Amino acid sequence: MPAIGKITSLFRASWRRRLRTDTRGSVAIVAALSLPLLAAMAGLAVDLSRMTMTRASLQNIADHLALSGAREMQLRQRDLAALEAYLEARGRSHVAEEGLVADISALIDKHEHSVRIVFEGYPETLFIKALRGETSVVSVEAVAMSVGGEYPLCLVTLDESANHSMQFSTRTRVDAPGCAFYANSTHHRAVHIQGNSTLEAALVCATGGIATSGAFSSSAHRETDCPPVADPLRSRALPEPGPCIMDGRNRISDRRILDPGTYCGVIELRPGADIELRPGNYVFAGALRIFDGARLAGDEVNLHFHGVGPDHNIVLTVGREAHIALTAPRSGSMAGLLLTGQQPSGGHQRYYFGSAHASVLTGTIYLPDGHFSVGSGVTIADRSPFTIIVAQRFTLQQGPELSFEGETGIVLNTDYHLSDVPIPPGLGPNGGSIVLTR
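Sequential numbering of the sequence shown, starting at 1, is according to full-length UniProt numbering.
In short, the hints are calculated from the structure, not lab data.
A few of these clues could be false.
Dumping the calculated SDA-like pairs for lysine to any residue here, alpha-carbon to alpha-carbon at most 20 angstroms [to be verified]:
1) Lys110 to Arg438
2) Lys110 to Thr437
3) Lys110 to Ala82
4) Lys110 to Ser68
5) Lys110 to Glu84
6) Lys110 to Leu436
7) Lys110 to Pro227
8) Lys110 to Gly178
9) Lys110 to Ala81
10) Lys110 to Glu88
11) Lys110 to Val435
12) Lys110 to Arg71
13) Lys110 to His221
14) Lys110 to Asp63
15) Lys110 to Cys226
16) Lys110 to Leu203
17) Lys110 to Glu72
18) Lys110 to Phe291
19) Lys110 to Ala202
20) Lys110 to Asn163
21) Lys110 to Glu141
22) Lys110 to Ala85
23) Lys110 to Tyr86
24) Lys110 to Leu80
25) Lys110 to Pro429
26) Lys110 to Ser161
27) Lys110 to Leu83
28) Lys110 to Gln59
Quick caveat, the model's predicted, so the values are computed rather than measured.
Just need the whole structure built from these sequences, with the hints factored in.
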């Protein structure tokens, strides 16, 4: 009996010990209870991932459509309903390409110059739908605005702080009907319009202020506190100097045909000079001086001024009796750009255009480091289909005292259809900056 009792005791102890240490049943129970929770978490993660991806894809499409719509709006001022329908059709096409399901609405506000794109997407969220009993909805919105796009953008001054960054002096005249002028300077006298001047334009807009003095005539609507216009050509690559075709001081007084390339030093076109430029890019690493009695003509040419001139940073001087007729390239790296300038080491370039015989200047003048001045008593660009100016500063110098000597003036025509010279994006009828505001 004692032996049997001992065996029984050992069996009972072993059984209790096994009960305490064998957890296989508990693990199975816990696992069985956890499986639905884990499946739910996995399903929720998949649904949330789909919603995130849908939102990102729709936002990208909405941003793209809003920006392109704002650009198109500048060219379709009268057919905005058709543009809305076009944007919605493009949106549906993009959504289908991404394999998404979404509704789209496009709304154009012609007063705010804005395009609003709204998407409501319906990602496939099986778990959330089963849990909530309704389809998930992802909403995104994009709004793009055109700054300076209501009228053709014909004149922009880029200086952000200068006094008189855009100056219309006494006895000057500007003929630019339908054009918009923008001055980015925050100075309270960013634009200065003096007495006895005439300003024919649609809009003069200054980030800072507009100062006037004396009686003047103007058809332009004047606005202050305007958003600055971003430099539309800031990403455009400009020519770099190469080997010098000419160097030092070169005085030319005969008839010549010049080839594209780099002209170093000071190039002087003296009386009697009759210069024809072959198509291409001309880099002046120094200064170009065109005297009375000289002639300079070229079709499909770009004149680029690199660095500063030897005389008070003046890189271009055009005399009153010089004859100028220039047209910008129709193709190539400098397509549409007639005069350009760059001062890599800092500082300012100065351009003095005093010719009374510079009726043809077709293309865009882009001088981000330059002060472009029109001399006293002359009118330029009056027979050009179009001329656009983007410069650091712009000045129409004071006209002569005697009326028979003529006013100082510039004509900025907008007959873009009469020329095959391309207009850079962001200027002319494509004018203004396009920005996403939401």
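Need the status of pair Lys110, Glu72: alpha-carbon distance at most 20 angstroms?
12 angstroms, holds
Please work out if Lys110 and Leu80 have their alpha carbons no farther apart than 20 angstroms.
8 angstroms, holds
Between Lys110 and Asp63, is the straight-line Cα distance small enough, at 20 angstroms or below?
19 angstroms, holds
Proposed proximity, Ala82 with Lys110 (alpha carbon, max 20 angstroms)
13 angstroms, holds
Taking 20 angstroms as the top limit, are the C-alpha atoms of Lys110 and Glu88 close enough?
Since the Cα atoms of Lys110 and Glu88 sit roughly 17 angstroms apart, the hinted pair holds (cutoff 20 angstroms).
Straight-line alpha-carbon gap Lys110 to Pro227, limit 20 angstroms
17 angstroms, holds
Take a quick look at whether Lys110 and Ala81 sit within 20 angstroms of each other, Cα to Cα.
Since the Cα atoms of Lys110 and Ala81 sit roughly 11 angstroms apart, the hinted pair holds (cutoff 20 angstroms).
Sort out whether Thr437 lies within 20 angstroms of Lys110, counting only the CA atoms.
Distance of about 16 angstroms is within 20 angstroms: holds.
Could you grab the alpha-carbon distance between Lys110 and Leu436 and see if it respects the 20 angstroms cut-off?
16 angstroms, holds
Hey, Lys110 versus Ala202, does the alpha-carbon distance stay inside 20 angstroms?
The given pair, whose Cα atoms are some 17 angstroms apart, holds under the 20 angstroms limit.
Hinted pair Lys110 and Leu203, Cα distance within 20 angstroms
Holds - the C-alpha atoms of Leu203 and Lys110 are around 17 angstroms apart, at most 20 angstroms.
When you check the alpha-carbon spacing of Lys110 and Gln59, does it fall within 20 angstroms?
Not satisfied, since the Cα-Cα distance of roughly 23 angstroms exceeds 20 angstroms.
The structure fails hints 18, 20, 26 and 28 (numbered hints given earlier, in ascending order).
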